[in-house]
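Chain A is already provided as a structure; the job is to place chains B, C and D on it using the hints.
4 protein chains.
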Amino acid sequence: MHQTRIKMIYKPRLKNPLLIEGLPGVGNVGRVAAGYLIHELRAKKIAELYSPHFLPLVVLQPNSLVHVLNMAFYLYKGRKRDIVILTGDSQSITPYGHYEICGEIINLCKKLKIKEIITLGGFASGRSPKTPRVIGATNSEKLIEKYKKYKIDFSGNHNIGTIVGASGLLLGLGRAENIDGLCLMGETVGFPFLLTDPKAAEAILKVVTKILNIKIDMTKLDESVKEMEESIKKTEKIHQEMLSQIIKERKTPTHYIG
Amino acid sequence: MHQTRIKMIYKPRLKNPLLIEGLPGVGNVGRVAAGYLIHELRAKKIAELYSPHFLPLVVLQPNSLVHVLNMAFYLYKGRKRDIVILTGDSQSITPYGHYEICGEIINLCKKLKIKEIITLGGFASGRSPKTPRVIGATNSEKLIEKYKKYKIDFSGNHNIGTIVGASGLLLGLGRAENIDGLCLMGETVGFPFLLTDPKAAEAILKVVTKILNIKIDMTKLDESVKEMEESIKKTEKIHQEMLSQIIKERKTPTHYIG
Amino acid sequence: MHQTRIKMIYKPRLKNPLLIEGLPGVGNVGRVAAGYLIHELRAKKIAELYSPHFLPLVVLQPNSLVHVLNMAFYLYKGRKRDIVILTGDSQSITPYGHYEICGEIINLCKKLKIKEIITLGGFASGRSPKTPRVIGATNSEKLIEKYKKYKIDFSGNHNIGTIVGASGLLLGLGRAENIDGLCLMGETVGFPFLLTDPKAAEAILKVVTKILNIKIDMTKLDESVKEMEESIKKTEKIHQEMLSQIIKERKTPTHYIG
Amino acid sequence: MHQTRIKMIYKPRLKNPLLIEGLPGVGNVGRVAAGYLIHELRAKKIAELYSPHFLPLVVLQPNSLVHVLNMAFYLYKGRKRDIVILTGDSQSITPYGHYEICGEIINLCKKLKIKEIITLGGFASGRSPKTPRVIGATNSEKLIEKYKKYKIDFSGNHNIGTIVGASGLLLGLGRAENIDGLCLMGETVGFPFLLTDPKAAEAILKVVTKILNIKIDMTKLDESVKEMEESIKKTEKIHQEMLSQIIKERKTPTHYIG
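Chains as they are written, first to last, in the numbering used here: chain A, 1218 to 1475; chain B, 1218 to 1475; chain C, 1218 to 1475; chain D, 1218 to 1475.
Next comes chain A alone, as it looks inside the complex (with noise of 0.2 Å):
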């Protein structure tokens, strides 16, 4: 595999498409969001994404199948839009990799004629407050004003310099492609790293279902979210352990040009 790559597992028909991003990051706020979103909802998968960005390695489950790295896209079949949802095990793991994977997604976006996308994160304040605030960005300016209604915080009156990864890229290549794209950060304490903020994850829900005007049941989350978090907690002391790894191989001296 050379390139980043989408299987189509079918290819469907839409109305009127939106996408909701949520990876693994901070808190696995947008993970956790899109995760619980897929299950209340029943959305179908329709599309996998492989990359060579991501870690070289299978993860063995103890059923001992093994499992390919790789991001997914479900479908949910609305009443009035339908709405794809990207979630996945990994971002890419070399900077280069973002701007490609993101790319890919892009041209996935085109091709189903997708002209909206909601992205799900989660922002670090360090501190953990009863109600989370969701802070909003956006690639356009009209979205403001279309999304300000929905308890979206627009007010720049926090410490978020720059969003890094999906999230962010998804908005920024989108753009030129004339998606529009809206990105949603729930608040959550930011550390340490590997903790899964199931408020966080509740209130980005709150604002995305009020937004695609659809209902599912809150109640559950939390005890999803413990399910959730033993595979997600795996998958991330993977990366921090791989990633660690290929630099302490690189650790004791010869001469190099012979």
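These aren't lab readings, by the way, just hints derived from the structure by calculation.
Quantities reported herein were computed from a predicted structural model and do not represent experimental measurements.
Nothing false has been slipped in among the hints.
Identical chains share a label here; the pair holds if one copy fits it or two copies do between them.
In silico DSBU-like pairs for lysine-lysine, Cα to Cα no more than 30 Å straight-line:
1) K1327 - K1232
2) K1359 - K1224
3) K1328 - K1224
4) K1363 - K1224
5) K1228 - K1328
6) K1327 - K1297
7) K1416 - K1262
8) K1327 - K1224
9) K1368 - K1297
10) K1297 - K1224
11) K1332 - K1262
12) K1332 - K1261
Structure of chains B, C and D alone, referenced to chain A:
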């Protein structure tokens, strides 16, 4: 050379072929097992794989001839089915390279109509038992049923979280091409990394020969390992040293963007 | 996005055009000078350059809009000749990327029939003189003759051994395409790296405006630098932090090839 | 510039041509020997090689002209056969780049119908003998027979385990294209890395000139080395510093995936 490529020595006609892979890794279990199998079966080289993701050097042999790092495919024409055995000096030195190399190996499998892969490796349990366990992993549930009679441990009762490199990725990438894959991991102490473990290799060879219904003389394994170890240690030491040097060379200050 | 690409906003008709480049670097001399020139000449944006070799993030602006890192080309229609000015948020974060990005810039020059490039930068002398020197470097001997009357120091009496990044490579790669290049480097202290030096920028602007035979109001430079500095510091801090994190994330042990 | 490329200055008609390579490495033995050969034979430049795998900078020369890092091919029209000599400022700074660059050099050999390569280098023995040994390595057994009469040591009685970079890879990659290759390594102390060793260069030049049946004045070698050393030291210092900086820049914390 810009990409990994496989050079066919000749294109064989194959009868229901199967690929066995054994490359450098923990305890050199896979490499030793594959090497011994090639030797005992007098398998013939049919192809070589070269990659820009190996170390950029040649090994100078005692006879003054240089040797480019590569992987090679050997063929044993069996009574019922043909066996292609893959071994080599090295795996990729970059994460990306693992995907490129395994992608090319899977491409070759498709060309040769290989529908099944058995990958061989070791797993570090921290202890050195008299009878090393052979843990199994697969990319297809039905293979567990098919193979569980061969004293392969599919219990999930171990601490292996991931399978890194070709042994894992061939199964993972193979799945998408409808290639069934079984990974056999022989238990080994796991340290020092350079130590080759013939007992773990023997354990997986016993399973492999039963699966393939072939007989090989196991008495010469110890002797053979002693012969191989010299050259294996050399290549691995080179890898350790080179990779460290690549980093080490990069350690004194000035400003980068002038 | 798999490769660096330049997105034309419109394709201008140009009269004997010249490219001026000023990107982030020592003392931000080049970036500040180019930025001020664009502002004072009210140059119009004609193209944007995006690259997978920038950091994989978007900058979140106070108005809640995201900004993808990019370089941009601005056009000033002069009386005798047209001036294209290149500036941007960032340079490549990989050595390879510098070549790819500069290669694309040179390609654009060829398309727009730009035959001459002036690149702007700083050089760290360790001291902060009242009248900073402007050191010149070129890719063609005849340019020394042509430009030496403009108070450019071609004496070779300095400690600059190399010119890193776009300011140097554009001259180097331009030579092969018969594009003449002049690099002007304003003397600056050089530490701390984040400090922006308006005096060095002013020194090279004085030379540039004389060469181009244009007049700009230099009195607002200090003020302008103060405004720019906030945002420059922010982007640079991000770069420092991100690049460190990429390494930092890679620091705990396990075995790589399992 | 996205890939290594060779720019022909003119395409020569060649008579039974042979390539001699001498690039930077241990003791600069190969580079010095190739450089002296070019000078003494008044060989003419016929091609230049540029690569995005060199450092992304230009060298600023005392005459205010910039110089892009490159390799170059020089031609000496001999009585019986023509000699193409390859030297340069740098080798690849990435492992992958070595393969790309050597692949392009081999491609040129094929175009020019070069069937034989002699690569020149040093090997660090830790001692500095009066008469440095010249160790030989080849990619074809028959060459040992052919060349052993020239005081080349093919005994295998040394501690060289690998040949890194172009001197080794050209032989390795050449084999697959039926290009015969001989590597001559002159014995040198090996530290400090920056020290240029004219005696080792002289030792291999004596062998090379005998093989080629040409005569060159060896008396000016010491003098010539002194002249070359200044510029060699400069380029190498730059490499050390730049490569360190690339790493050094990456050292302070924040979270990567936000």
